[in-house]
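Since the structure of chain A is already known, use the hints to place chain B with the ligands on it.
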Amino acid sequence: MSLQNILTNWSQYRKGHEQGGFHDYEHMWGMAVDLNKCIGCNACSVACYAENNLGIVGKDRFEKGQGMHWMRIERYWDEPNLAPGVSEEFPSRGASFLPMMCQQCNAATCEPVCPVAATYHTPDGLNAQVYNRCIGSRYCSNNCPYRLRYFNFYSYYDWSWPEPLNMQLNPDLSVRDKGVMEKCTFCVQRIRVAKDTARREDRKVADGDVYPACVQTCPTDALVFGDMLDPESSVTKLWKAHQVELGKTKQHKDNEELRGYRIFEGLNTDPCVMYLERVREVEV
Amino acid sequence: MSGNDINRRNFLKVMGWGGAGVALSGCDMPTTVTLEEGKETVVSYIMPEEYVIPGQGVYFASTCQQCSAGCGVHGRVREGRVLKLEGNTESPINTGKLCQMGQSGVQAHYNPDRIQKPMLRKGGALVEVTWEEAAAALADKTGKDSSLNGGRAAWLTGTVSGHQSVLLQAHLEALGSSRHYTHEVINNAVATQVNQDMFGEVQPTYHVTKAKVVLSFGADLVGTSMSPVHFSREHTKFRSAPRGVLIQVEPKMTLTGGNADLWIAAKPGSEGVLAMGIANELLAKHGLSGDALPGGLRDSIASYNTDKVVEITGVAKTKIVEVAKVLAERSPSLVLTGASTEAHEHGYQSVAAAMMLNVILGNIGKTITSSGEFPFPQLTAKRGDMKGLLAFAEHADKGEIDVAFFYGVNPVYTAPKFLNLEQKLDKIPFKVVLTQFYDETANRADLVLPLASALEDWGTHVPGYLPEDKIISMQQPLMEKLYKETHGLGDVLLSLLKMRKPEEYEGFADYYAFLREAFAAIPSDHKGGVGDEKFWMQALQFGVIPVNVAERSIKPTPIEADLPALKEDISYPFYLVPSAHLGLWDGRHANLPWLQEAPDQISKVVWGSWVEMHPKTAARLGVENGEFVRVESMQGSIEAPLYTHRGIHPNAVAVPLGQGHEEYGRYAKGRGVNPLKILNPVTDEKTGEPALYGTRVQVAKAPFDEKQKMVRFGGSETQVGRKLVASITADVFNRTEGA
Ligand code: SF4
Ligand code: SF4
Ligand code: SF4
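First to last, the protein sequences are chains A and B. For the first sequence, numbering that gives the first Met the number 0 gives the first residue as 0, with consecutive numbering after it. For the second sequence, numbering that gives the first Met the number 0 gives the first residue as 0, with consecutive numbering after it.
Just so you know, these hints were derived from the structure itself, not from any lab. A few of these clues could be false.
[Unchecked claim] Okay, derived cross-link-like pairs now, DSS-like style, lysine-lysine, Cα gap no bigger than 30 Å in a straight line:
no.	chain 1	residue 1	chain 2	residue 2
1	B	Lys397	B	Lys500
2	B	Lys668	A	Lys58
3	B	Lys500	A	Lys63
4	A	Lys203	A	Lys239
5	A	Lys236	B	Lys209
6	B	Lys706	A	Lys236
7	B	Lys706	A	Lys58
8	B	Lys500	A	Lys177
9	B	Lys722	A	Lys252
So that you can see chain A by itself, here it is in the shape it has in the complex (with noise of 0.2 Å):
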């Protein structure tokens, strides 16, 4: 990549989002994560490891940071930005619960490394990962800002899915073998038979059609999954009324306390997923 070829083709080269790639969305799939609402519990990411086939690493090969979990929830004990009164012996104000998806960056910096294109962006604005495609250079996951791809660095078959426990396995995805990355995808296998329903009935995918595993399980509705291109879907609506957008690298609000943000936004990722802030009570 000369940079004769950089002058010369200039204008072909992608200078800020929606540059480049898709230009006529069929969805824009997006989420919001209410850490009002998030308690920590974890049933989201079990509820990803049944619906979407991951693998269990054992012991060591957690400990070399190995798990599967598309879905994970951090744990912070630091308090950054409330008000003072806290005490320095306990965690006065509890922890701080954060759950991690795949962020479905619109400029995904995962996706211009790979050698072989196996991700890439999807007209349904989805960051996708094509299995058969990958060919494991990890490129990907190391450019990952949120480290939120999985590398099968082993086979995890035997210790996963001993029989009987092959038979849960879902059968509208695959099971990953040695040497392919994996993600989050927003549940694509679910949402590819809300589209399939909704065309055969001649209509729109509507609102509340597509419940993502992970969405559908929480039990504190902390996450809200839907289409950011139909201005009538619960996702859109939230995002609007915290005045967070797509294509933005830094949000103008009117209301500067309006809970809305999206994680590491300055590094231009452009996510699809709006985190709103977790609230404490410091009168007390």
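Just chain B with the ligands now, kept in the frame of chain A:
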């Protein structure tokens, strides 16, 4: 009363509907969904073959059996196998949601370590036998022609309810025995006793959503206390604007504590004193009325001036003052207790002190109301506790038990060492263990009966905690049995009954037939105006049967709490906290790989045991994160790696329940330690319930053990200045998102 009436009554009792008769409310007949419409939908079990649509999932309603909360499930079934469980949206317990244990129900069902054939002890060893041989052994030992003195037969079970409980009681009756011992490690035995004495019922309804402040003395509301998913749902409404305040007092941070607005570590065992101190502030400084309290109690409260309370509890004065202030200003509130307050030597007194706050604060009738009169007392949950295990062990030891049946318990694993349970079990000549897995108790059985999984079985359940909408929850098979030679609990009970009372039970081909007849036996005015068939189909389709209860109101009788001074113990300076978490629970889920690999919500440890300790304490003892420590009580010691964090009182060390299995399959066996083993024989004086949180221990550094080392999820304990979890104050939240 005519003979017919008596027969009718007896008939209703056999069928489980005995007791006060109040109508079940009717529900509308669901719109029938035909296959042609090609919809994924909820259907009943009828004619399952018709619903095997290649490539398409169909949903069946049932009830989760992973804990006794009784959440409704929808099982996704495709090509005859169940693939995934979702919450049943019709159930008022969980309204469509499941916790991680519920999600893992499929792994209990497809577990590779399930027992597939009965096992009979022959010449010292358990050998696989046919079901016929097992039945012959049972008839020989327990049938009506056996030499068994029926009064010397016993059942030791976990929490049971519904028609399984009806048959179990019938079996005991047929034997002429009253020996039903119930055992659960995670229980509310002390709190339910206080409820009974103070409010006249064991389990009133708690309205978290109506409270502006919840003061919880260790109640792990969104975790292991009462009804995990239900209270998580309530928590969401509670936390919507205008947002409720959650104050949690406990020795070790639970999941609920992790979500508190204010988390307070009081000295273990001093929670009752803190409650008295808050009561004193409320009466003396905020002008609340203590008129409802007996004079002696008012005097007692007055003696707990704030300075004295600070000294006993170690809680800062400002905190006590603030908590009282917020309670006085924001009404109604709700005060609840959990294991860390209940399971002490004077647990009953502490709970009484805490619940008394509800009286002072005027919460009765607002956030605490009567749960009413459930019309079918035979079906309600028989709750387990530790006391039940103690009584069982004592009677076994005295040689009072000749035949014992075990179901839903693993006492050899859960019994503290001081109980010497193995030795006492040896005194029971014939032990029958009904189980899905080869656990520690099965290992000592004379006969092991392999059970069908929860997803293969029939049943009815009445949840341990019932919210405002009362129900009976239906359990139906989601697929054919994986193993021919396993049977459901109901079927085993029926066979046992046929051995004692063939004339009464011979007519029921199986438990399904019994349930069909039981459902037909509900008087028609209880069926909401629909016929038998429709009533049954509705039950299966919805998964729940709504039940109307007679209303009641609560007139509280405050109890005088008599709180003795905490004893110091120089040689055993720490309190052991055998903590429970949503995951491995009391150890019953240690064989489910998803839950082993799911990090503990607070410590983030996977696949093993750990010891939690405050960093200050660890520094004093000269031990560091990841190093091994020995936790030693008068009863013995356990060794596990250390996790230090600030969410624990410096006088407490916590060791989670769940690991330390000697049997129980490939994922559980030989992993970690079981803190129950080293418990001291301390009990709550008033109720006799073992004080699980009352054991004193000493801690010292121990040698590193590569095999049991600590593995945790995640590297950083802090956000290192990045904006990952951003927080704002409730004030701002209420301003921008308040209605
Ligand atoms: S299931 Fe919901 S509440 Fe639980 S950790 Fe996940 S997002 Fe949070
Ligand atoms: S959206 Fe689906 S794939 Fe992604 S974390 Fe949730 S359950 Fe897993
Ligand atoms: S709370 Fe209990 S009943 Fe409900 S889903 Fe979890 S394990 Fe099942």
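(message) Can you confirm whether the C-alpha distance between lysine 500 of chain B and lysine 177 of chain A stays at or below 30 Å?
(response) Outside the cut-off at roughly 59 Å; violated.
(request) Would you mind confirming whether the straight-line C-alpha gap from lysine 500 of chain B to lysine 63 of chain A stays at or under 30 Å? (result) 60 Å, violated
(request) Could you grab the alpha-carbon distance between lysine 203 of chain A and lysine 239 of chain A and see if it respects the 30 Å cut-off? (result) 22 Å, holds
(message) Please verify whether lysine 706 of chain B and lysine 236 of chain A have alpha carbons no more than 30 Å apart.
(response) 51 Å, violated
(message) What's the verdict on lysine 706 of chain B and lysine 58 of chain A, does the C-alpha distance respect the 30 Å limit or exceed it?
(response) It holds: about 10 Å lies between the C-alpha atoms, which stays within 30 Å.
(request) For the pair we were handed, lysine 668 of chain B and lysine 58 of chain A, check the Cα-Cα distance against 30 Å. (result) 14 Å, holds
(message) What's the verdict on lysine 236 of chain A and lysine 209 of chain B, does the C-alpha distance respect the 30 Å limit or exceed it?
(response) Given that 30 Å is the threshold and the Cα spacing comes to 27 Å, the pair holds.
(message) Run the distance test for lysine 397 of chain B versus lysine 500 of chain B: straight-line Cα separation, threshold 30 Å.
(response) Holds, at about 29 Å.
(message) Check the hint pairing lysine 722 of chain B with lysine 252 of chain A against an upper bound of 30 Å on the C-alpha distance.
(response) Holds, at roughly 17 Å.
In this structure, the earlier hints numbered 3, 6, 8 are contradicted, and the remaining ones agree with it.
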